[in-house]
Each structure stands twice: as C-alpha cells, then as structure tokens.
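Peer 1: Spelled out from the first residue to the last, the chains are:
Protein chains: 4
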Amino acid sequence: MVTHMGLVGLGRMGSNMRERLRRAGIEVTGYDPRPEVSDVPSLAALVEALPAPRVVWVMVPAGEPTRGVVDELGTLLEDGDVVVEGGNSHYPEDQARAAELGERGIGYVDVGVSGGIWGLENGYGLMCGGADADVERLMPVFDALRPEGPRDEGFVHAGRVGAGHFAKMVHNGIEYGLMQAYAEGYELLTAKEDVVTDVHGTMKAWSRGTVVRSWLLDLMVKALEADPDLAAIDDWVDDSGEGRWTVDEAIDNAVPLPVISAALFSRFQSRQTQSPAMKAVAALRQQFGGHAVRPAE
Amino acid sequence: MVTHMGLVGLGRMGSNMRERLRRAGIEVTGYDPRPEVSDVPSLAALVEALPAPRVVWVMVPAGEPTRGVVDELGTLLEDGDVVVEGGNSHYPEDQARAAELGERGIGYVDVGVSGGIWGLENGYGLMCGGADADVERLMPVFDALRPEGPRDEGFVHAGRVGAGHFAKMVHNGIEYGLMQAYAEGYELLTAKEDVVTDVHGTMKAWSRGTVVRSWLLDLMVKALEADPDLAAIDDWVDDSGEGRWTVDEAIDNAVPLPVISAALFSRFQSRQTQSPAMKAVAALRQQFGGHAVRPAE
Amino acid sequence: MVTHMGLVGLGRMGSNMRERLRRAGIEVTGYDPRPEVSDVPSLAALVEALPAPRVVWVMVPAGEPTRGVVDELGTLLEDGDVVVEGGNSHYPEDQARAAELGERGIGYVDVGVSGGIWGLENGYGLMCGGADADVERLMPVFDALRPEGPRDEGFVHAGRVGAGHFAKMVHNGIEYGLMQAYAEGYELLTAKEDVVTDVHGTMKAWSRGTVVRSWLLDLMVKALEADPDLAAIDDWVDDSGEGRWTVDEAIDNAVPLPVISAALFSRFQSRQTQSPAMKAVAALRQQFGGHAVRPAE
Amino acid sequence: MVTHMGLVGLGRMGSNMRERLRRAGIEVTGYDPRPEVSDVPSLAALVEALPAPRVVWVMVPAGEPTRGVVDELGTLLEDGDVVVEGGNSHYPEDQARAAELGERGIGYVDVGVSGGIWGLENGYGLMCGGADADVERLMPVFDALRPEGPRDEGFVHAGRVGAGHFAKMVHNGIEYGLMQAYAEGYELLTAKEDVVTDVHGTMKAWSRGTVVRSWLLDLMVKALEADPDLAAIDDWVDDSGEGRWTVDEAIDNAVPLPVISAALFSRFQSRQTQSPAMKAVAALRQQFGGHAVRPAE
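Protein chains in written order, with the numbering used here: chain B, 1 to 297; chain H, 1 to 297; chain A, 1 to 297; chain G, 1 to 297.
Treat the hints as calculated values from the structure; they're not laboratory data.
All values derive from a computational prediction rather than experimental measurement.
For glycine and all other residues, C-beta sits at the position ideal for the given N, C-alpha and C.
Watch out, some of these pointers could steer you wrong.
To be verified - Simulated DEER-style distance windows between Cβ atoms:
hint, chain 1, residue 1, chain 2, residue 2, range
1, A, 71, G, 295, 33 to 41 Å
2, G, 49, H, 291, 28 to 36 Å
3, A, 197, G, 104, 33 to 41 Å
4, B, 291, A, 105, 36 to 44 Å
Stated by the list, open to error - From the structure, some residues in chain A lie toward chain H, with a derived Cβ separation under 10 Å:
hint, residue
5, 1
6, 23
7, 239
8, 255
9, 277
10, 289
Claimed, not checked - On the chain A side, residues computed to face chain B include the following (Cβ under 10 Å):
hint, residue
11, 2
12, 116
13, 135
14, 151
15, 191
16, 216
17, 227
18, 263
19, 281
20, 285
21, 287
The shape of chain B in the complex, shown without the other chains (with noise of 0.2 Å):
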C-alpha cells in the first residue's frame, strides 16, 4: 500500500495532482528542476526520501525529457521500485523502457491522464498498463487521482505495459474528431445568420436531452459564452503528437480512418499562412482554363 509516493515534474499537470493527492492522504515528495516548486533538490534525493519499494511518477514532457528522467531513476532506484510514466509517451517507449528497467527489477507502469486543467477538481480518467502486482499495488494511488464514482467509470487496467499510453493516445485521437465534429457545426450554423440567429443559444439548448451532450459541448458553450463571436481567437491549432500518432497506428494496422485524420489535417491546414499545394491547384486552373489567380501580396 503506498502512503508516501515520489513526483517529478510540477508543472500545470504535475503540481495540480500532486495537490490532489494530498488531499487524498498520501504523502507526496515532488521533485522538479525549478528549486521554487521543488521538495527536495536533485532525483537522487528524491529517492533517497522515499521508503523502500519506492514508486515514483514521472509526469514531465514526452520524448527526450521523459527520456533522461526515467533513465536516470534507472540508475538510482533498486529492485522492486516501481517507475510510473504519467506523460504522453508513445507506447513503443514505454515497451522499450521498460524492458530495460525490467533487467535490473524495477517495475513499470505507464498511465494515460486525461482531464487537463480539470483535473484536481473533478478527477483524473486514468488508463494503465502493466504488470498486474505493479498495478495492484498502485490502486491507492490512482484512486486517489480519478474522479469520484465507480472504480471502473474512471480508470482501467488496460493491458500489459504500454496499453495505458495506447488507450490514452486513441482518447486523444477522438477527441479531435469530436472537437473538429462540433466546430465544423458551429461553422455551418454561422453561415446561415438569415435563419439561426441564435448560435450560442442553439449549442447550449443542446446540453440536455440530446444526442450530441458532452463535456466539450459544455466547454464549446462556455467558450461562446465569454466570447460569442469568438473574435478574440485566431484560427491557428497546433497539435501534440497524439494525433499523428493515432494516424500513424492506423496505418501500420490498416484500419481506416477518416474522420480523425481529417481532424489532424485541418489542424495542419490552420497553421499554413500559405497552402503550397493550393497555390498548386490555382496554377494548373490559370494553366489550363486561364482562370485568373490572385497574385501573391
């Protein structure tokens, strides 16, 4: 049963589940590069603070920084510790990590988190994978982390190691699609002023009672709310990594999808000042029909 647990990375993420688990009773010792958020100096102090076996979550920024930090715990921790990779990594990190970890005994579990800036109030949807003993072990924890209702409403044990960054990545992948679904919506519910003069009031009269409720149709109305034009904001929408990875996984595995990928590229398309490619199509019209085109400015 773990009661007093190690976290690196006290960033937005970081700092806001440390606060939630505390709450919850356990003891958190934080660790973070910045000494003014930091509980304790350096990794290796981290661990030193920590009663044996250890468990230390890791919730710092995919890729590289993830990287050194878990490389790292793997020299500082021992046998029977547990490593908990609460970022963004892409799955196939997570297997290779931990295999490495697994030779000198160190267990790993990786965690999908969703629920943003929300999370310390409502709770954490948690998705893992791991070794069931790593798992089990961990429950005080996660419990600590979801939202409050059914264990099951709110995390999963969804496979071996990896499982939990797989599940969270499709989340993410959908999650494009729904959020490009409502705003290709809202689009065309704009266009028409002649007849709906009412956008705002139209998506919010869709929060009860109809198919398309969701939390991000509650945060859609609230957007519009503030702001019903939406005037204050650029069309410009970058995108994390979990997008493309979804469209990548799909392809390696042949499943079709539309609708995602979509999503993914209007993203891209957003950030274009210039479409290379239909400045191509403008071309080919002024070559072959004379069509005019707009001069570039």
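Knowing the structure of chain B, use the given hints to seat chains H, A and G on it.
Peer 2: Relative to the frame of chain B, chains H, A and G by itself:
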C-alpha cells in the same frame, strides 16, 4: 396558454411525447391513421375536438407524409391556430409551408426534437423556429417536453421559421461525426489485442473525468456491455437524410465539412456489397502493374 | 448536314470555337450582346440569318444567362430546329429545357465541352446527350470541334438529354481530385528540401514512362518552369459549380466520394481568411487544457 | 562509362529491365536465387564476373530481401564500386545503407523506377538520389532504361541519397489519389444509368482534348473495353507500402494530405469483410434511436 392540444402521428416518438405531455398536465388529443392507437377517427375530428385557437403538433415521417398532413390541416384550421412541425422536415420545406399557411392566418413553428427513445424519461432537446408570439404561446408545451434543468439548456428559439430544423439538421450532422470518431477509435483499440486486452473496460474508463466523456460514449459502453465484440451486429449503417442535407447545405455555403462528410460517406460504403470504385482501382492496378486482382465471386 | 449554324456567346470559349468551326469549313453566324464582336445585332436577326432547319449552339455562362437565351430561342425557332447547350448547365436544367422546347418541336442537345483555352488548337473533348436524330445531324459540327484522331477518343453520345452535362460534371469532379492529388504531392516534395533539391525537375521527370503522366502533370511542369516556387500565385482557389454538383449528386445516389469531396473542401478552405471551425477548435483546446491560443489580429 | 553491369533480382521487373539494357548495348550479368533464370550461381560469382569499378543494380522486394542483398554486396564489393537500389526501399533505409557502404568507399544510388509491366517497351520513369559523380557514371544505364524523348522528361537526379525513393514514394502517393479520383467518377457515372447509358464510351471520349486525359485514363478505358462492368473483378485492393509511407511522411512534416489519405483508407476499407467501426456506429444508432440493425450472419 395551451392546456389542450392536438398531436398527429402516434408512432414511437409521438406516443412517447403524448405520454410526457400528459404527465405534465397538458390534455392531448392524438390522431393516427391506425384506429387502435388513435383518440379520434380523423384529422377533421381532431380539429373539431380542440379549443380555438388550436395547437396541432405534427409528428409524422418527413417528406410526403408531413406535407400531406400539413396541407390537410391548412384546409381545416383557421385564423389564429398554430401548426407545429416536430418531425425532421428539411428547413426549406418549413419556409414554404409557413408561407402557405400564413396566407390563411395560421401560424407555423418548426421544432427539431432530439432524444430518441430516451426522451420520455429524460426529456427532449428542443430547437424551434418561428414568430415570437407563436413560440411564446407554445412555451408550456416546450417546458413539458424538454429535460429538467434550466430552460436554455434544453430549449432554444433559434430564429425564424426553418431555424429549428436547420439547427436539428446541424445537430444530426455533428452526431454523424461524433459517432464515427468513437467508432474509429474503437476499431483501432480492437486492432491491437496484444497491447490493449480490455477494450470495453477502456472505453468505460473514459466515462468520468476524460475529455471525450459524453452521452454517446455512455451508449457505446452499454452496447459493449451487452455484446463485447459487437458480434451480433452487422456493419451496415443506414442514414436518415439530415446528414445528407448537412453536407449539401455546407456545399451551398462553401463551408468545409471534411469530418461530417467522411462520416456520411463511411455509411454509404458500409452498405455496399461491392464498390464499383474499388473494382475500378483494382482494374487499374492490374492494367499498369500486372498486380493480381481477386476474381469476383 | 449542317453547313451553316448559329453560335450565341462569343467570349473566350465561344470565339475560339467559332474560329475552329470556320477553319473546318462550317459557316458560323455568331451573336453576342457586345456589338463589336457580334455578327448580327440580335438573337432574332441570328435566327433569321440561318437556313432552316436551324442549328443554334449556345455558349454562355450557366444559370440565368443560359436560361434567358434558351427561353428566347424557344420563341424564335420553329419545328425541326435544334438548340445545342454547350455551356456548363446543371443536367436537370437540360431536362427541363428540352421538355419545354420539345413541346414546340424544337430539338435539344446538351454538350459538355472540355479543353479550355487549348481547344482551338488541340480540339475539344465533347460529351453529348440527346435524341439520336438530333445528334446524327450535328455530327459535322462535333467532328469539326473534337480533337483529331479516332472519333470515339474525343466524342461520345453519352445518353439521353442531360447525359452530356452529367458526364462533363463528373469529368470536372474527377479533375478536382486529380489536381488536388498532384498538389498534395507537390507540397510534400517541397517539404523536404534537405532531401529533394529539385522539385521542378522531379515532376518534369514524371512526364514520360511513369504511371502519373498526364496532361495536367504537363501543365504543372509548365507552371513550375515559369515560376519554380509558385511565388507569384496566391493559394486562393475558386470553384465553378460542377465540383459542388458532383458531390451533391453523389450524396443523392449514396455514392461515397471521399477524394473528390476533400478536393472541393480544400478549395473552400483556401478562400477563408479565418476559419470559424478552427477558431472553435482553438477555443475548445483553451477551455479544457489551458492550451495557448493565438489572439486574433 | 558503364558497359557491363550486374543486376540482382530477375523477377518481372528485373528481367524486363535486363532485356531493355541489353537492347541498348549494355552487357548485363544477372543474378537471381532461382538457377533457371540466373546468369551466375551466386552474388559472389556476380561480383567476380564484373569489371572494376563495378556497378550492381539491386531489384528485389523492399525490406528484408533488399537489406540482405545490399548487406552481402557490402562484404563483396570494394572501394570505387557502386550499388544501385532500384526497388521500393523506404528512403531512410537508403540513407542508412549509403552511410554503411560509404565507410568502405562503396557508392550508393537510390532509384525510383516507374512504368510497371509497360516499361520494357515504353521505358521507365527514373528518379535518383546520390552523389554527382556516382550518378554521372550511371548515365548510360539511365539513358538505356528511360523512355525516349528529352532526358529530363523521364529522368531526374532529384537530390542526395534517398531523394530517388522519396520522389518515387510521392509519385505513388499521387498515383493513389489519381486512381481514386477516376474510380469515384466511374462509380458516379454508373449510378445514373437512366441518364448516362454509355459509361465506357464516356470515359473513352475523355482520351483526347479533355483536362483529365492521362495514361491512367487510357488504362481505365482498356479495362472497361475488356470487361464493361468490371464484373470479373472483386473490389479488393491491396496497397504496397509507398502510400502508407507518403501519409506517414506528410504527418511528420505537418503537410495536409486529405486526398491521398482518403485514397489509402478506401483501400483499407475495401479489404474488410466487416468493419468494426461501422458495427460500432450501427450499435450506437440502435442504442439511442432504437434504429434497426442488421444481425451479423
């Protein structure tokens, strides 16, 4: 204030709505061509049974059936009465019907009704279009039908005649996109059984705290609970018209709709036993590359 | 056998066609509202100038203009004459026009004409719809306009009235897809300058022997020769109607059209300075994740 | 100047290429594991038979087979020799192979070869990547293989190692999009038999003068000539890797690829007997609307 109204069409939706209205204390006289479920023998008898100024809610299939009922009501009703079109009419039909009835002083309000078979218990999401006075008069009816909670979370007066069905059309278009997004994610989860061993549990764990939580997700979980591999269900998916209208409308307004159109086309594909297009691609590959084709059975 | 015909509309297409017809020895009397290019002062004068049974080819913009000319011709022509609609009418318009003219014994043939500004020299690809006798009578005209080579490689009697414009509509829909495919490939080539250092040369090398060789590719190469980075061309792409009709038609017939619709939507996107949909996605990301949005300028 | 070269892999492509090279006066020693078609008994014997500095063209399936042959050649060849990878390797593989061989002074040129079974007669479209000196030395080989006509219309030195296969990958991605565009148009033509009565004739009439004329269109016409309804061909379409790499590459570079990805996904769909995604959509519709589903067989 409406205390007694007429309701034409007592199918699954209509009879549930009658029941919900009655529970709210509104007297409802229902008409249906099937005598065994009808309260009166004819439309004329229905009109006769209602106190003037009358309210008649029409809840029959879109297209010919709705047109027929509304036209007949036009000859039976009188100045000051109101027809409510609660089916899934295409919004230009509403505008044409309203203009015709308006010439005889009969009001017309179109209402998009969402909620399906769950509406009797949960209430129906309502979007309406029409004149302020007509809508105002109908508020007791709308309040009885809509879900509990703040009025504006389950009801909207979206604009002039047509706005209700326009909003419902867009709602359904969004619904296509949402369903397809979950469905693609589901398929990808099932494609990696070596990693994710509990697909049902994974989607259930998204029910609380996650970004993708929604009523449709809850239904997906229910469906997987009943049939974990969806083994009993064929991959044949119908479409009911609003999805098509949504894409048509987007094209008319030069609104890009990549996700909703992809969801619609996926339904078309699901119903084809042989795709002429893919036969053509196979034929082309054979022509240029000598690639093997599969002989048709 | 037609040796003298009328031609209404002497814009870029019409005047080139008149020239090609005259080179082939067919006498052409042209009418255009602009007196400086017209051979006769009015439609009535045109009809008067032609030997009966008359052939009048209409080559004016689709929609109102074509409708106006055909309606007026209907009052001027007589039993046995034939109207040829060579513009880009929507095929149901052809069917309606033909029925009206048919009541007065006037024939109607719709012709889809492809080839753009290159048609004068190369000849025009022709697809027509109409009665056998009418088409038979027009063969000398079609033979003059179509490219050299076997007749069936540049001309088809595709079916009854409407078939010519239906075929041309589908032709243009395909064209959208082809152009977008080359354009996407072009963009991807330009995205890896560290690997592919000669994009123009690469596309030029596809001109012979490859699977993707085509006339559109030749035009792409020409465009890149003139402006290797397409620096002078804005990424704004118009659409002229047939692409929209193609997708509408597909939806009516439950035909999946993922590629052609994606090409159409890409054009819509190219013309947006701010995408309401992507503003909505940005707003949603900000709501749930506290992700930074770019402020609109 | 190459006058005698080695060729590894004498399958359909390789044996045709050997024939075309020999016709051009280049001596070719071919090796294939199948003794009945091979000129020498082993790779070692091949290397021994060639004059130094040697040129060995590898034409075997991508992946393991190519890797195996190139690795073995690396141990047999010597400083100044050149390996030409003419298969469909993924371009990062080329970059890795070239680096390894380069350490031993062996050159590496990657060549994308297009033309399929038609290449023997028409010549092959060639795109290559590598060092200037290596490419220069190979020009007689490239000139023998490429189509007649100006060199730059059938050959390009596209960039450094990897550029040839990168260009070929994009070529194939475009090819997917082009084929799907024609295929969608074909399907739409067949969907309106009451209007368009001659689908084959319509597509054949596009062969000259039209905007959509191309070699792929010619092949489509050929296919329809042989089998007007494509009745003998199943709608099952394979994909060979380059289409997947193209979309993966686009995702890595944030290049929107809606058309090419849609074409790829259509192939995936064509191979599914039951779509898990569409089963899920059917299940959802049943859940919320009581819509009928088809029982799986």
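Peer 1: Compare the structure with each hint and give your call.
Peer 2: Hint check:
no.	hint	verdict
1	71(A) to 295(G): 33 to 41 Å	violated (55 Å)
2	49(G) to 291(H): 28 to 36 Å	holds (33 Å)
3	197(A) to 104(G): 33 to 41 Å	violated (26 Å)
4	291(B) to 105(A): 36 to 44 Å	holds (39 Å)
5	1	violated (39 Å)
6	23	violated (37 Å)
7	239	holds (8 Å)
8	255	holds (7 Å)
9	277	holds (7 Å)
10	289	holds (8 Å)
11	2	violated (28 Å)
12	116	holds (4 Å)
13	135	violated (26 Å)
14	151	violated (23 Å)
15	191	holds (8 Å)
16	216	holds (6 Å)
17	227	holds (8 Å)
18	263	holds (8 Å)
19	281	holds (5 Å)
20	285	holds (7 Å)
21	287	holds (4 Å)
Consistency with the previously given hints fails for numbers 1, 3, 5, 6, 11, 13, 14, ordered from lowest to highest.
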